[in-house]
Amino acid sequence: DAGITQSPRHKVTETGTPVTLRCHQTENHRYMYWYRQDPGHGLRLIHYSYGVKDTDKGEVSDGYSVSRSKTEDFLLTLESATSSQTSVYFCAISEGSGVGKNIQYFGAGTRLSVL
Amino acid sequence: AQKVTQAQTEISVVEKEDVTLDCVYETRDTTYYLFWYKQPPSGELVFLIRRNSFDEQNEISGRYSWNFQKSTSSFNFTITASQVVDSAVYFCALNPNRDDKIIFGKGTRLHILP
Chain A
879 DAGITQSPRH KVTETGTPVT LRCHQTENHR YMYWYRQDPG HGLRLIHYSY
929 GVKDTDKGEV SDGYSVSRSK TEDFLLTLES ATSSQTSVYF CAISEGSGVG
979 KNIQYFGAGT RLSVL
Chain B
64 AQKVTQAQTE ISVVEKEDVT LDCVYETRDT TYYLFWYKQP PSGELVFLIR
114 RNSFDEQNEI SGRYSWNFQK STSSFNFTIT ASQVVDSAVY FCALNPNRDD
164 KIIFGKGTRL HILP
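Each protein sequence line maps, in turn, to chains A and B.
Mind the numbering: the first sequence is residues 879 to 993 in the working numbering, read in order.
Mind the numbering: the second sequence is residues 64 to 177 in the working numbering, read in order.
So here's chain A without its partners, still in its complex pose (with noise of 0.2 Å):
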């Protein structure tokens, strides 16, 4: 199993407040993602990282932001926290991309829950 680490695994915040996800991954892959997975919708990428300190973003940005100042640590932030980022969100690590790189592994999830 890749080494993967998502801190907290669950959580419940109240409307407002800051939240930060914590990913750890043991593997020194290069590239790292965040998804969220909300019912008929799927996965969707919030935001990814491709080095220290070079993020870009994913299809659903907004109110979240990304810093990753080592290899192995990508944090997800929720600057201020609404009931509708309630969701099940996954960290992913690749190597990179093209052949043989491609693969994400994935965190096993923190459940959010913002009352």
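In case anyone wonders, no lab produced these hints; they're calculated from the structure.
Since the structure is predicted, the reported quantities are computational estimates derived from the model, not experimental observations.
For each residue, glycine too, the CB sits at the ideal point set by N, CA and C.
Treat the hints loosely; a few may be bogus.
[Claimed, not checked] Selected chain A positions facing chain B (Cβ under 8 Å, derived; list incomplete):
#1 Q884
#2 T904
#3 G918
#4 H919
#5 L921
#6 Y926
#7 Y928
#8 V938
#9 Y942
#10 F968
#11 Q982
#12 Y983
#13 F984
#14 A986
[Claimed, not checked] Sample of chain B residues lacking proximity to chain A, with all beta carbon distances greater than 12 Å (derived):
#15 V109
#16 R126
#17 K133
#18 V152
The hints should help you fit chain B onto chain A, whose structure is shown.
Below, chain B alone, put in the same frame as chain A:
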């Protein structure tokens, strides 16, 4: 447009029946990769298979088989002699060449009834 369509939202079959999950994709690229992932009730996402666009050979792994047809832009997944443990949500996904991102379909929830 780059897109993955899994038209079957939910399927139920009785154990030991064969079942095929459909996946249709759209891409402008001639080089691309296709994937299937499994998400069992425990919630984790498990990688099953990756194919590249130049390899149209069907693949079989135990009870699982995959049929890749570029002519119809499809990458279908068949489970033979289904078992209750196959109950899960299955995602098909597309990675266009030179793209850092994978595009996921919305998934098909498969129920295998005992």
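Hints, verified against the model:
1. Q884: At about 11 Å, which exceeds the 8 Å cut-off, the nearest Cβ of chain B leaves the hint on Q884(A) violated.
2. T904: 17 Å, violated
3. G918: Since the shortest Cβ distance to chain B is 7 Å, the answer is holds.
4. H919: 6 Å, holds
5. L921: Holds, because the Cβ-Cβ distance from L921(A) to chain B comes to roughly 4 Å (cut-off 8 Å).
6. Y926: Since chain B brings a Cβ to about 6 Å from Y926(A), closer than 8 Å, the hint holds.
7. Y928: Holds. Min distance 6 Å.
8. V938: 12 Å, violated
9. Y942: Constraint on Y942(A) not satisfied, violated at 16 Å.
10. F968: Interface hint status for F968(A): holds (7 Å vs cutoff 8 Å).
11. Q982: Check passed: Cβ of Q982(A) comes within 6 Å of chain B, closer than 8 Å.
12. Y983: Interface hint status for Y983(A): holds (6 Å vs cutoff 8 Å).
13. F984: 4 Å, holds
14. A986: 5 Å, holds
15. V109: At about 8 Å from chain A, V109(B) fails to clear the 12 Å cut-off, so the statement is violated.
16. R126: Answer for R126(B): holds, closest chain A Cβ roughly 22 Å.
17. K133: 18 Å, holds
18. V152: The claim is violated: V152(B) sits with its nearest Cβ about 9 Å from chain A, within 12 Å.
Hint check: violations occur at hints 1, 2, 8, 9, 15, 18; the rest are consistent with the structure.
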